[in-house]
Amino acid sequence: MRPDTAFRNDARAKVTGRATYADDISIAGMLHAAPVYADYVSAKDLVIDAAEALASPGCVRVITAADVPGSARFGQIEKDYPIFCSGRVRSYGDVCALVVAETRAAAKAAAALVRVTATPVRPVLTIDEALEPGAPVVPSYGETNVVTHHRLRHGDPEPVFAGCELVLEEEFSTQAIEHAYMEPETAVCVPRSDGVVEVYGSMQHPFSTRRFVAALLGESLSNVEVYTIAVGGGFGGKDDTAAAVCARAALAARLTGRPVKLRYDREWSFRESYKRHPYRLRYKVGVSSEGRVLAVKATIHADSGAYLSVTPWVTWRSTAQCFGPYVVDAIHADVYGVATNNVFTGAMRGFGAPQVNFAVEQLMDMAAHELKIHPLGMRRINMVKQDSVTVTGQKLDGHVVSMEDVMNRVVHEIGYRKKYEHCSFGTPSEEGSDELYGIGLAISYRGASLGAEGMDFCSCIINGQYDGSILLETGIHENGQGAESAMTLILAEELGVDLSRVRYKRSSTSSIPDSGTTVATRGTIMGGSAVVVAARQYRELLSRHLADRLRCRPEDVTFHDDKIWGLNYEYSLSWEEAMRELFLQRVTPYAFGTFQAPPVSWDDTTGQGDAYFTYVYSCQAVELTVDRKTGKIRLRSIVAGHDIGKAVNRALLLGQVYGGVTQGVGMALMEDFAYEGGRPVCENFDSYLLPRATDLPEMTAVIVENHDPASLTGAKGIGEPALELIAPAIANAVYNATGVRCRDLPIRLRPEDLA
Amino acid sequence: MNQITINGVAHTVGDEERALSLLEYLRERRFLTGTKNGCEKGLCGSCTVVVDGKALRSCRIPVEKALGASVVTIEGMEGPGGEPHPIQQAFMDAGAIQCGFCTPGMVMSAYALLLRDPDPSRDDIRKALKGNLCRCTGYQQIVDAVRLAAKVMREQALPVEAGCLPRR
Numbered sequence: 001m002r003p004d005t006a007f008r009n010d011a012r013a014k015v016t017g018r019a020t021y022a023d024d025i026s027i028a029g030m031l032h033a034a035p036v037y038a039d040y041v042s043a044k045d046l047v048i049d050a051a052e053a054l055a056s057p058g059c060v061r062v063i064t065a066a067d068v069p070g071s072a073r074f075g076q077i078e079k080d081y082p083i084f085c086s087g088r089v090r091s092y093g094d095v096c097a098l099v100v101a102e103t104r105a106a107a108k109a110a111a112a113l114v115r116v117t118a119t120p121v122r123p124v125l126t127i128d129e130a131l132e133p134g135a136p137v138v139p140s141y142g143e144t145n146v147v148t149h150h151r152l153r154h155g156d157p158e159p160v161f162a163g164c165e166l167v168l169e170e171e172f173s174t175q176a177i178e179h180a181y182m183e184p185e186t187a188v189c190v191p192r193s194d195g196v197v198e199v200y201g202s203m204q205h206p207f208s209t210r211r212f213v214a215a216l217l218g219e220s221l222s223n224v225e226v227y228t229i230a231v232g233g234g235f236g237g238k239d240d241t242a243a244a245v246c247a248r249a250a251l252a253a254r255l256t257g258r259p260v261k262l263r264y265d266r267e268w269s270f271r272e273s274y275k276r277h278p279y280r281l282r283y284k285v286g287v288s289s290e291g292r293v294l295a296v297k298a299t300i301h302a303d304s305g306a307y308l309s310v311t312p313w314v315t316w317r318s319t320a321q322c323f324g325p326y327v328v329d330a331i332h333a334d335v336y337g338v339a340t341n342n343v344f345t346g347a348m349r350g351f352g353a354p355q356v357n358f359a360v361e362q363l364m365d366m367a368a369h370e371l372k373i374h375p376l377g378m379r380r381i382n383m384v385k386q387d388s389v390t391v392t393g394q395k396l397d398g399h400v401v402s403m404e405d406v407m408n409r410v411v412h413e414i415g416y417r418k419k420y421e422h423c424s425f426g427t428p429s430e431e432g433s434d435e436l437y438g439i440g441l442a443i444s445y446r447g448a449s450l451g452a453e454g455m456d457f458c459s460c461i462i463n464g465q466y467d468g469s470i471l472l473e474t475g476i477h478e479n480g481q482g483a484e485s486a487m488t489l490i491l492a493e494e495l496g497v498d499l500s501r502v503r504y505k506r507s508s509t510s511s512i513p514d515s516g517t518t519v520a521t522r523g524t525i526m527g528g529s530a531v532v533v534a535a536r537q538y539r540e541l542l543s544r545h546l547a548d549r550l551r552c553r554p555e556d557v558t559f560h561d562d563k564i565w566g567l568n569y570e571y572s573l574s575w576e577e578a579m580r581e582l583f584l585q586r587v588t589p590y591a592f593g594t595f596q597a598p599p600v601s602w603d604d605t606t607g608q609g610d611a612y613f614t615y616v617y618s619c620q621a622v623e624l625t626v627d628r629k630t631g632k633i634r635l636r637s638i639v640a641g642h643d644i645g646k647a648v649n650r651a652l653l654l655g656q657v658y659g660g661v662t663q664g665v666g667m668a669l670m671e672d673f674a675y676e677g678g679r680p681v682c683e684n685f686d687s688y689l690l691p692r693a694t695d696l697p698e699m700t701a702v703i704v705e706n707h708d709p710a711s712l713t714g715a716k717g718i719g720e721p722a723l724e725l726i727a728p729a730i731a732n733a734v735y736n737a738t739g740v741r742c743r744d745l746p747i748r749l750r751p752e753d754l755a
Numbered sequence: 001m002n003q004i005t006i007n008g009v010a011h012t013v014g015d016e017e018r019a020l021s022l023l024e025y026l027r028e029r030r031f032l033t034g035t036k037n038g039c040e041k042g043l044c045g046s047c048t049v050v051v052d053g054k055a056l057r058s059c060r061i062p063v064e065k066a067l068g069a070s071v072v073t074i075e076g077m078e079g080p081g082g083e084p085h086p087i088q089q090a091f092m093d094a095g096a097i098q099c100g101f102c103t104p105g106m107v108m109s110a111y112a113l114l115l116r117d118p119d120p121s122r123d124d125i126r127k128a129l130k131g132n133l134c135r136c137t138g139y140q141q142i143v144d145a146v147r148l149a150a151k152v153m154r155e156q157a158l159p160v161e162a163g164c165l166p167r168r
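Protein chains in written order, with the working numbering: chain A, 1 to 755; chain B, 1 to 168.
Note that these hints are calculated values from the structure, not bench results.
Each hint should be verified, as a subset may be incorrect.
Derived DSS-like pairs (lysine-lysine); straight-line CA-CA distance at most 25 Å [unchecked claim]:
{"#": "1", "chain 1": "A", "residue 1": "K108", "chain 2": "B", "residue 2": "K41"}
{"#": "2", "chain 1": "A", "residue 1": "K284", "chain 2": "A", "residue 2": "K419"}
{"#": "3", "chain 1": "A", "residue 1": "K297", "chain 2": "A", "residue 2": "K284"}
{"#": "4", "chain 1": "A", "residue 1": "K632", "chain 2": "B", "residue 2": "K127"}
{"#": "5", "chain 1": "B", "residue 1": "K130", "chain 2": "A", "residue 2": "K632"}
{"#": "6", "chain 1": "A", "residue 1": "K563", "chain 2": "A", "residue 2": "K505"}
{"#": "7", "chain 1": "A", "residue 1": "K297", "chain 2": "A", "residue 2": "K385"}
{"#": "8", "chain 1": "B", "residue 1": "K41", "chain 2": "B", "residue 2": "K65"}
{"#": "9", "chain 1": "B", "residue 1": "K130", "chain 2": "B", "residue 2": "K151"}
A few chain A residues that face chain B, going by a derived Cβ cut-off under 8 Å, partial list only [unchecked claim]:
{"#": "10", "residue": "D24"}
{"#": "11", "residue": "D156"}
{"#": "12", "residue": "A180"}
{"#": "13", "residue": "Y227"}
{"#": "14", "residue": "V231"}
{"#": "15", "residue": "F559"}
{"#": "16", "residue": "V661"}
From the three backbone atoms N, C-alpha and C, an ideal C-beta is built for every residue, glycine too.
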């Protein structure tokens with residue numbers, strides 16, 4: 001049943017340019033909108049004067065917070081994010097008005113004429129400034145800039161440090177990262193004659209988007225229908241901001257009674273959209289002479305920016321995974337989210353794990369180096385194994401714990417052991433050469449899906465048609481990763497039908513129940529399991545009603561080779577015949593299935609519990625060279641190994657690995673969403689540098705498949721594990737090449753560091 | 001000269017259209033929305049089209065500078081019967097597509113490369129695609145796809161020319 005080549009249900013549309021993204025939609029009578037930024041980093045007493053803008057040619061309306069029938073502020077956890085700000089400005093990305101005009105050019109011209117004045121307030125620009133006593137309080141709620149604090153208490157590390165052979169005290173930092181999806185945020189909203197507002201948006205979470213839209217309009221969820229269309233990348237980044245863009249366009253459509261398009265310029269996207277949280281990580285690690293990690297104390301601060309978004313969830317994952325895939329009997333961690341006047345931070349692929357991994361995987365190499373233990377041995381001694389108890393007190397006994405196997409396979413594939421012996425450690429191997437060589441690796445485990453962070457369930461609808469074709473729908477969203485294709489493959493296998501029989505029906509928020517957001521590497525495991533649940537019900541229904549025709553008992557009916565079979569293959573029905581038979585029996589060939597994630601648990605006061613129902617085990621290794629004269633780093637090869645449970649769609653799985661690694665390379669070496677006085681330095685791709693085709697070496701993926709009992713397909717997921725550990729692997733390789741330890745991202749080597 | 005040829009069809013450019021960027025003209029006047037707008041500054045390559053055999057960023061070219069030229073867009077790549085160009089087929093087969101937003105520009109850059117070099121190395125391909133950003137794939141399967149397309153076209157002696165153009 002599996003195709004030999006890559007399977008994508010949307011491949012033809014995308015490769016011919018026919019796939020319809022939001023900006024490709026044009027509707028007769030459509031208006032265009034443009035945002036107006038408040039243009040302050042921190043200010044109060046905001047005054048908006050739109051008179052001149054309103055008088056400009058083609059301008060139809062200028063919308064501000066005063067025009068909002070519902071709530072101008074919304075958010076996933078705290079309703080603090082201003083879809084339209086008023087009075088107080090908290091970041092350079094704050095939008096205070098939306099200009100609606102007959103053309104896009106007219107909207108942009110009028111937006112430039114809106115006068116915005118305010119009284120500046122001293123901004124808080126760094127984590128340290130935010131924590132100072134007497135610092136201005138940024139959030140609209142609460143009385144402090146500390147917006148979240150997670151604790152993990154497992155044993156008591158303090159008395160253990162004294163008896164350790166080695167105690168490392170180190171500080172690391174990671175930077176803000178722009179998601180840089182190739183398609184900027186765009187929304188087209190249409191007021192429908194039955195009173196519903198239709199939303200076609202470049203967003204990755206239709207149900208989250210619907211909540212933003214309904215809140216701004218002050219209308220019921222059933223009044224808003226968000227459709228799935230092609231989305232040009234998300235990576236966690238098309239939630240809050242993309243939803244706010246949809247909400248603004250929807251309000252404009254409501255107020256004008258006409259379709260409205262709001263298409264973002266790249267500069268607006270950079271300015272306004274939330275980023276990956278910058279972290280500051282302080283670790284104290286006590287190690288025995290044999291290399292066993294005996295005690296850890298971690299104090300971690302994440303810059304939440306001006307609004308909360310999902311900071312409590314991002315930092316929760318950092319807490320649950322605060323010391324990587326290692327067993328430590330005495331560990332305390334405190335993880336804080338801190339508000340500043342920087343552009344807010346939120347979900348991004350990896351979600352609080354890449355930051356801690358950057359610190360932990362370097363600490364392991366640093367300790368190994370100090371104790372003269374091999375980095376692999378150091379990891380092997382400490383890593384989780386079958387039935388290990390994690391730092392959250394969770395016993396790993398429900399699935400195959402393949403950490404060591406995954407690491408061994410990657411080590412073998414890249415030839416780590418032999419190549420490690422040839423690392424330069426600052427001295428070129430050949431005389432007269434300036435080239436330094438290093439190899440490095442990192443390992444991780446990643447809790448699959450939401451874990452104890454949220455309610456985790458997903459729905460699927462199978463709707464058989466009279467001619468034998470099948471409509472499939474799930475609550476998982478296609479963001480480009482190939483979710484629809486994976487769901488289609490899983491159903492085709494469950495029903496034993498040809499792929500051509502299954503049509504993935506793009507859902508809308510009015511056609512299927514809210515199944516949560518397509519985040520947290522949960523698409524394949526949750527959506528796929530929901531497909532299996534629905535398929536089981538569907539087979540049962542068909543078996544019951546077709547058994548007579550197949551002259552067997554319902555339990556003997558089987559589904560394969562694109563047919564439905566009775567006992568001993570004596571009788572069979574084509575799907576066309578089967579569907580006719582059900583019609584004659586007045587039975588609807590329809591199934592609705594919901595998969596509920598296995599139970600998880602968490603105690604907020606101790607940070608102990610079964611944080612996730614299963615884990616993905618990963619190891620990535622990299623070879624690189626450093627030019628001693630220039631400090632330029634060149635990647636030579638990368639091997640990425642992941643135990644993903646089961647490969648559903650191999651070519652697309654590889655694409656997730658290569659793409660995730662590449663985003664990690666950007667994080668390690670190139671990307672830096674920096675600020676000057678709270679204003680972003682980068683406005684477009686000339687200064688914000690993404691990895692290009694020439695920046696990358698050839699990559700090799702090592703796929704390990706231990707079918708996971710927690711997943712009904714056996715598959716776990718790959719989206720985020722692929723990204724979360726190449727940065728520390730590169731940092732370790734840079735050290736092994738140069739002898740220089742890079743504790744801050746992005747890694748930048750100056751020639752004087754290498755002299 | 002007030003004409004521009006797009007995918008083999010000549011169009012007369014109106015006076016008020018001359019100052020538009022080629023990207024705006026293609027998307028908003030010709031409704032050829034397969035060419036994407038990713039940055040509007042010539043930095044991302046999503047808007048790449050092939051003008052007289054060269055891959056160019058349509059957001060940086062005013063229509064008046066392209067008068068008299070022959071432009072091929074993603075919509076012109078398929079054959080007369082709607083069959084995918086070998087490059088397009090290879091992108092599908094190699095798993096080179098994810099979100100798809102960069103895909104048309106990538107295909108057009110690959111097309112311009114294969115017009116001038118029927119057997120590029122992986123390094124040659126990476127260099128030719130340097131101006132096209134992709135945030136999803138890590139480029140590896142895109143490079144695979146271009147190699148595959150070149151191989152198929154060489155082995156089956158298929159013309160490289162886009163489907164909209166007259167065959168040699």
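Results for each hint:
Between A/K108 and B/K41 the CA atoms are separated by roughly 17 Å; this keeps the pair inside 25 Å, and the hint holds. With a C-alpha separation of about 30 Å, the suggested pair A/K284 and A/K419 falls outside the 25 Å cut-off, and the hint is violated. Using a Cα cut-off of 25 Å, the hinted pair A/K297 and A/K284 holds, with the two alpha carbons roughly 5 Å apart. Straight-line distance between C-alpha atoms of A/K632 and B/K127 comes to about 19 Å, which keeps the hinted pair within the 25 Å bound.
Distance check on the hinted pair: B/K130 and A/K632 sit about 19 Å apart at the alpha-carbon level, within 25 Å; holds. In summary, the hint linking A/K563 to A/K505 is supported, as the alpha carbons are separated by about 22 Å, within the 25 Å threshold. Among the hinted pairs, A/K297 with A/K385 is consistent with the structure: their alpha-carbon atoms are about 22 Å apart, no more than 25 Å. Taken as a hint, the B/K41 and B/K65 pair is honoured in the structure, with Cα atoms around 17 Å apart against an allowance of 25 Å.
With a C-alpha separation of about 21 Å, the suggested pair B/K130 and B/K151 falls inside the 25 Å cut-off, and the hint holds. Using the Cβ-Cβ criterion of 8 Å, the hint placing A/D24 at the interface with chain B is satisfied: the shortest such distance is roughly 4 Å. Using the Cβ-Cβ criterion of 8 Å, the hint placing A/D156 at the interface with chain B is not satisfied: the shortest such distance is roughly 44 Å. Checking A/A180 against chain B by beta carbon gives a least distance of about 5 Å; that is within 8 Å, so the hint holds.
Against a cut-off of 8 Å between C-beta atoms, the interface hint on A/Y227 is violated, since the closest Cβ of chain B lies about 17 Å away. The closest approach between the C-beta of A/V231 and any C-beta of chain B is roughly 6 Å, which is under the 8 Å cut-off, so the hint is satisfied. A hinted interface residue such as A/F559 counts as satisfied when its beta carbon comes closer than 8 Å to some beta carbon of chain B; here the least separation is about 28 Å, so the hint is violated. At about 6 Å, the closest approach between the beta carbon of A/V661 and any beta carbon in chain B falls short of 8 Å, and the interface hint on this residue holds.
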